[in-house]
Amino acid sequence: MPTEYGPLSIWGVVIAVGITTFAIRASFIYLFGRIDTVPPRLKHALRYVPPAVFAALVVPALVVSEGSAHFAPISVSLSDLSVAVGNERLLAGIVAAIVAWVAEDVFATIAAGMVTLWVLRFVV
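Okay, so the sequence shown: first residue is 0 according to numbering that gives the first Met the number 0, each after it adds one.
Accuracy of the hints is not assured; some may be wrong.
DEER-style ranges, computed between Cβ atoms [said to hold, decoys possible]: (1) G11 - F31: 26 to 32 Å; (2) V63 - I9: 29 to 35 Å; (3) W100 - V12: 45 to 51 Å; (4) G17 - F106: 38 to 44 Å; (5) A99 - Y4: 45 to 51 Å; (6) A107 - T2: 51 to 57 Å.
Because the hints were derived from the structure by calculation, they are not lab data. Just so you know, even glycine gets a beta-carbon here, dropped at the ideal spot from N, CA and C.
Build out the structure end to end from the sequences listed, making use of the hints.
This is the structure in C-alpha cells:
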C-alpha cells in the first residue's frame, strides 16, 4: 500500500518512537533507583496488578469464540439433571478456578482444567 510519506519520514518516526520508548523505560529505572522504600499506599495498590493482568489475559480466551463473545447459557433441569454445554472453555475455566481456590496447587489447577476441557470436547 503506497503512502505519501518518504523513507526519511518513516525512519524519522521509527527513531523518534524508539527514543521515546527508551526514555520512558530508563526513567523508571532511574526513579526507582532513587526511591529507598515503596510508599504503603502504592504497595497496596500494586497488589491488585497481577490479578488484573491475569484476568485480562484469561477471560477473553474463555468467553470469546470465533472472534465474537459467546456467553452460552448452561441449563440444568432438576428433573433429569441434563447439562447443555455451549462453551467448553468457560466450563473448564470455572472448574479450574474452583480447583485453584480449594487446592491452591498450580499443577492440580492446570490438570483439572485440561482434563475437564478434553472430556467436554471429546467425550460429551
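Status of the hints after comparison with the structure:
{"no.": "1", "hint": "G11 - F31: 26 to 32 Å", "in the structure": "holds, 31 Å"}
{"no.": "2", "hint": "V63 - I9: 29 to 35 Å", "in the structure": "holds, 34 Å"}
{"no.": "3", "hint": "W100 - V12: 45 to 51 Å", "in the structure": "holds, 48 Å"}
{"no.": "4", "hint": "G17 - F106: 38 to 44 Å", "in the structure": "holds, 41 Å"}
{"no.": "5", "hint": "A99 - Y4: 45 to 51 Å", "in the structure": "holds, 50 Å"}
{"no.": "6", "hint": "A107 - T2: 51 to 57 Å", "in the structure": "holds, 53 Å"}
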